Structures are given as structure tokens and as C-alpha cells.
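Asker: Protein sequences, first through last, are from chains Z and P. Numbering (the working numbering) for the first sequence: 5 to 579. Numbering (the working numbering) for the second sequence: -1 to 246.
Hints in this document: simulated from the structure, not taken from any laboratory. What you are looking at is a predicted structure, and each value in this text was computed from that prediction instead of being measured. Please note: incorrect hints may appear among the correct ones.
In silico lysine-lysine, BS3-like type, Cα no more than 27 Å apart, as pairs [said to hold, decoys possible]: (1) K330/Z / K143/P; (2) K93/P / K330/Z; (3) K143/P / K494/Z; (4) K157/P / K330/Z.
The following residues of chain P were derived to be distant from chain Z, with all beta-carbon distances above 12 Å [to be verified]: (5) L20; (6) I197; (7) V238.
No residue lacks a Cβ here, since even glycine has one placed at the ideal position from N, Cα and C.
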Amino acid sequence: MKNTSFGILAKRELKGLFSIKKLRVKNIDIFGLLLNLVIVCAIGTAFVLVLTGVIGQYSVIYQRSSTLPRAEQLVLRQREFMTLSYAIIVIVGILLGLGKINGSITYDKEMENLLRLPVTNQEIFLSKLTTLYIYQVVSMSIMIIAVNVTFAVATDRIITNQSIVPDINSVWFWVCTALTCLMLPALSFLFSAVLSVPAKYIVNWIKTKYILLAILFIATLCVAFWLYSSVLTLVRSMFETGQIKYTFSDEVVKFIIGFDATCYPVAFFTDAIFGVGLWYNLPIMVVVTIACILLIYLFTRYLFNNYIMNGANIKKAFNKKIAMKKSSPFGAFVWKEFITVLRTPDYTFSYFGTAFSLPIMVYCCTGILAELITNMIALEFNFEIGLLCVTMFAVLTNTFCATNISREGELFIINKSLPTNYSMQVLAKVLFCSIINVISLLATCLLLWLNPQGFFNINAGEFIVMLCVSLLITTGEIFMATNRDLRRPKFSIANNPSVSNSASSFSIAIGFIISIALGFGAIVLNFLMARKFQNAIIAHRVVVAVVICVSAIFLLVNALCLFVGLGKRVNRTVN
Amino acid sequence: METQVTVKITKLNKRYNPSAPLAVDNLSLVAYGGEIIGIMGQNGAGKTTTLKMMTGMIPIDSGEIELCGYSIKTQPTEAKAQFGFVSDNHAVFDKMTGIEYVNFMADIYRVDLDTRVQRLNMFQDSLDLGEAIYNEISSYSHGMKQKIAIMGALIHFPKLWILDEPMTGLDPQTTYRVKELMFEHKANGNTVLFSSHNIDAVEKLCDRVYIVSKGKLIDQINMNEFRKGSTTLEDHFFEVTHLHKRDD
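Hey, can you work out the whole structure from these sequences and the hints?
Answerer: Following this line, the structure appears as C-alpha cells:
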């Protein structure tokens, strides 16, 4: 395969899909690497812990809750749970596949280059399809192995005498897991392939509806956080009231049983891992997989030949007649920043999406954290906790500013030929980010102050202080991130607006440290001052004064670092 | 009538890193109003580096560049207001529509509203982007990007128009229109200065030609005089650069 066109193309595709690059020591983003490691470990640990806990408790709660006779059969309950888990994995796989198919089999510059090469369309298509399938297998295997192993370990603790339950020590368990890893992705990939054409049409239609897209992003993030908060509140309340035991009513149990009974071909995989009807389940699984692969081939070939090769996915640019209007050079630069972010979906999501959903994110998390801490230490620190959450989330939002310079790409150097000074151009970027920051923080602090759900309590004075402090900190962060990016820019290339540089992870790390230090520092200081002065009002005033001073110093230092000698630094930065 | 000096480059030097040879070596040149100047040379001869230093995109190691009497080192903003620049890669703000880009450039060069509308109509007549001017630049073809870059560069009617490889990848009609605009700009008493590999275009368009090789200025040709002779510019170029038309 190595020397064939297919082999060369497939190798190239694999490198692109898995972002395999030669790492140079000086290019390694230590902050980013550590941050990713921490995030992956935290998510992985949380996933395994939650899954183990849920699986462990599921059958027991299920058994207690339902009055149906079948509910007493633990193995059946576990089997149904496994079918549910696999169904969820398939759905995640469909979404992953959808993104990859539409991202890979697209008519773009890269495809143009490939089509010029002395290789057949069939070879290009097959190399892309094969690598996409490999990607699907790898990404879904991580989920399948995690679920299977966790499931086997958790159920083993509950019932040890029933050999039918997956046994982690058996060869069959691992053979079956391996088969599932190879075959289940085919199923999800088929759905992805079928959905990819309509999905592509929707994406292309919405691609140039920038305002609608921004609203969708913001709404999605807000709804996601609201749902997260609601589910968390509901689960907590169910635990507190004991209602959790009755979650699985007869109706719910009937639905789960019905789902398990009809969720084919996913249920074949569950049957296999439980060792049920192997002599017919295994051949069926193989047949289903082959059928899926054939259908995937036909669908994606249709997509490739009739859709991509006809250039149907080329973006239709809008043709709205607008009149010219005059503004100052500085205003023109700020406007340019705005439309660049608005008209680049990646940027809209990572900046407008997060900045304008900040109020909901903070409001949901502050309520939960405030209640948690109050329950733990029996003291109310609403202002301090609010401050911690506001700054922490706002800092994350503003990491976008760490690409203020890099985003310009090749235009950074061209802009130097314009008759404006460099400080003005950088100031326009900083001002644009600051405007978004002010709107976002004002809405956030207002929501905390107005507190429509009544679980959080701050007064008007605290609202003003919280707004001022968070503005000082986040504006300081905007300066810091922009400055860091200016020192080590990693310019984006045309047609690939995604920029990820060390300034982003540096800014996240420093922002986190500052917000946590400020939030928890304020709680500790308040506690100590209250003990010292024996007066809560004085203690609170001391905390407010200290927090304002620290934030103001942070802003001042970063402003000086950015603006002193800015012209010289911009002049030195050459692509 | 006294002709204005629009470009005066004196003993210009540039080295990208200490171990590399000079990218521009002691280069001096001058351009006047009402002239079309061509800078010719092989790849890596120092043409683009010279243009980048002229436009303030990269710093100068030593030497001086004056544009319409303003030093690019000490009066950069004033100097940059005198020229319009079209880069070789037509780098423009992709996310803007054509009209937004022209409007942006007019804002930067402080062109009043009536004037910019009038000039845009004039450019539309000659370059003819049509309704596409209301489309996002990212959807433009190579030639359309070149047209919008030219409109943006000329919206303030600069005394000096600098272009880097302007004819590369253009269709015959666009090439013809760009040439027409160059002649028009010259006829208004302004200077057009461009770098090119295209010997035919340089021969037909230019009043004077500077040939650079390995960062050094090796020849300066007055095309009015040169055209009277029998040698072609192509032959002359190969002669002065000591290059051979074929490797064998």
C-alpha cells in the first residue's frame, strides 16, 4: 500500500486528521499542553467516576423503583443500560462522523490541488473514506473501551455469581470489545454519511447568515448551560427529597425495556458482550457491518461525485447593496474587527457565543457554588463567590484576545503600509474586545444583582464593585493577551482561520490564577477581617478595597507592558 | 514646469539575518511625477524587499527612503499617505464585501464621502466589478481581488502608486485595464512604480527601468532612448544580469 497512490494519499490524510506534526522543542506550548492534560484527566476521571457510580446504583434504584416483575432481574436491567450506552455512543459517533465527512470531502483549495495530481478521483475518494473510517474507529473505540471496562468493573462488584455479566478477565470480553470497536463505528458512520448531504446544504445556507448564526451559537450555549443547571438542581433536589428512588416509574421502565427490545442493530452488540445467542448474533453483526460499509461507500460516492465535484458547496456570497458611509480611521479599524469576528463562524462561536452567553453561564454556576460553599461552612460569601465566577468565566471568554495579532495573518504586514500609527491599530483591537467585554460583564453583573430565581444575594453597591473589579481584571487580561500575542504571533493562514497559540493557554492559566486567587483570597480575607474587627461591615469594606487595588494594579501593569514601546515591537514583528 | 521627486531612495541596505547576504545592497533610485518606473530582477533579487521597505512594512537597516519629501523612517504616517500599494498576493480583508473594503480604505486615507462615491463609480467604469462589489471578497476570483485591491489603493488618488508583480495571473482584459489605469495615473502627473518579471509589460509600459540583481542596482534604462536602439529589453536584461536564457 505504501508505494501506491492510494497509500500515499491515505497516509497524507491520516496525518491531517490526527494532526501529526514534527514537534520542535521551541514550538511546544507548555501551558497549552499542561492545560489540555489537566482537562483531559479531569474529564476522564469524572466520566469514569460518574459512570461507575451510575452503573453501580442503576440496577438497585431501578429494582426498587419499578413495580414491574422484570425489574427484579438485574442482568436484564444492566443489559438495557448497556444498550442505552451504546446508543448514546452511536449518536456521538454520528455527530463526529458528520463533522469529519463534511470537513474532509469538501471542494476547497486542498481538493483542487489533489484533483490536479495524476491520481484518479476514485483513489482520492477511497483514501479519504478509509481514513475517515479509521478516525471514526479510533475516536469511538476510546468511548467503547471506557464504557465496557467501567461497566464490567462496576457490575462485577454488584453481582459476582452471574457469569453472564461481562467479565473483564475473560478473553471473550476483550474479543467482543475489539469487534464492537471495529463494527459499531460502521453503523454510526452510515448515519453520518446519509445525513452529510442535507447537513452540508444547511451549513452552506447558514454560513453567510452571520447574525442568525451568532444568535444560534449564543442561544445554544445559553440553553446548554440552563439545561445543565436545571438537571443538576433537579438531581440534587431528588436526592434531598428521596425522589431519586422513584425515578424509574413503570412508564420509564417500560420505555427503557421497549427501547432495548427495538434498538437494533445496536442491541446485537449488547447481546454479544453479554454472550447471548452468539451463533446467530455474531454473523448478523458481520452482515450488518458489511451492509453499512457498502451503503457508506454508495452515499459518500454520491456526495463526492454529484455534490462536491459540481462545486455545489461553494459558498454563495450575499449581494446586499449598501451605501458608503464615512468614519474615522480608528472607527474603521474597530468596525473591521467587528465584521471579521461576525463573519468568521469559528470566531463568532469562540467569542460572541461565549461572551454573550456569559450571563447565563455565570448565573447558573454561581448559584450552585454559592449554595455549596454556604452548606459547607455555614457562612454566606455571595459577593466573593460571584466575583470568583464572573472573573473566571470572563477570563475564559477573553482568551480570544490572545489571537488579536495572529488572526490578521498575512494582512498584519500589509496593514503596516497604511498611514496610521501601529498603536492605533492595536488600540482598535483592544477597544473592540473591551466593548464586548463591557456589554457581557454588565449583563452578567446585572443578572446576579437582579437574581430572578432568588438563590443569590448581592446589593447595589456590591453589584457596582463586582462590575468594576471584573472589568479591571478582564481589561488587564485583554492587554496581557494581546501583548503576549504580539511578542510571539502565530499568523493564521488563508482559508484556515483557526489560530491556537501559546498566548491563549498562557492567558487562560494567568487568568485562572488571578480569578481564583482574587475570589478565594477575598473569602479568606473576609473571614480573617471579620474575626479581627468583629464587624462584618468593616471586614467587607477591607475586602472590597483590597480587591479593587489588586485589580487596578493588574490593569495598570498590563497596560504599561502593552503600550510602552508598542510601535517598536510592532515594527519588529515581521512575517 | 518642475517635476516633483516622488521617490528618492539613497544607499538602502537590508539583511534579514546576520549570516545571510544582503537582500538589498546599497541601492539608490529616484522617481519623478509623470513617470512609470519598472523594477526588474530575478526571483530573490531584492525587488519585493525594496518595495516592502518603501511601504514601511519592514524596517530599514540603513539608508534613506523619501516619498514625496517625507521620510519613511521619521515621518512614516505622512509618507504612507502619499502612496497606494497593491501587494503581489492581493491581500485584502476577505471578510469584507468589495464596497466595504473600498469604504474602509477611504476612511483610512480620510477621503470625504462625495469624493469616494464619485471615485468608486469611476473605478467601476474602468475595472467593472459590477454587482460583485457587494459580495464578500472571499468569494472573489484572483482577478477580482486584484481589481478591488487596486480600487482600495487608488481611492485617495495617491501621488505614488506602488504595485508588486501586478500582472501575475490576470486575464488579458484585466491586464489591459490595469495598464490603462497606469497610463491614466501617469498622465495626471503621478508616479507608478512596480516590480515585475514580465519583460514585455515593462518594455511597453515604463519610462525608466531599474534592473536589480543580488540586491544591487546593476542598470538603469531610459526606455525612450532604449526603444530607439535595436536591442530588446529581454536581451539587455540577460546581458547585464549575466544570465543565460537556457542552462545549456
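Asker: Hint by hint, say whether it matches the structure.
Answerer: Status of the hints after comparison with the structure:
no. : hint            : result
1   : K330/Z / K143/P : holds, 23 Å
2   : K93/P / K330/Z  : holds, 19 Å
3   : K143/P / K494/Z : holds, 25 Å
4   : K157/P / K330/Z : holds, 22 Å
5   : L20             : holds, 17 Å
6   : I197            : holds, 27 Å
7   : V238            : holds, 30 Å
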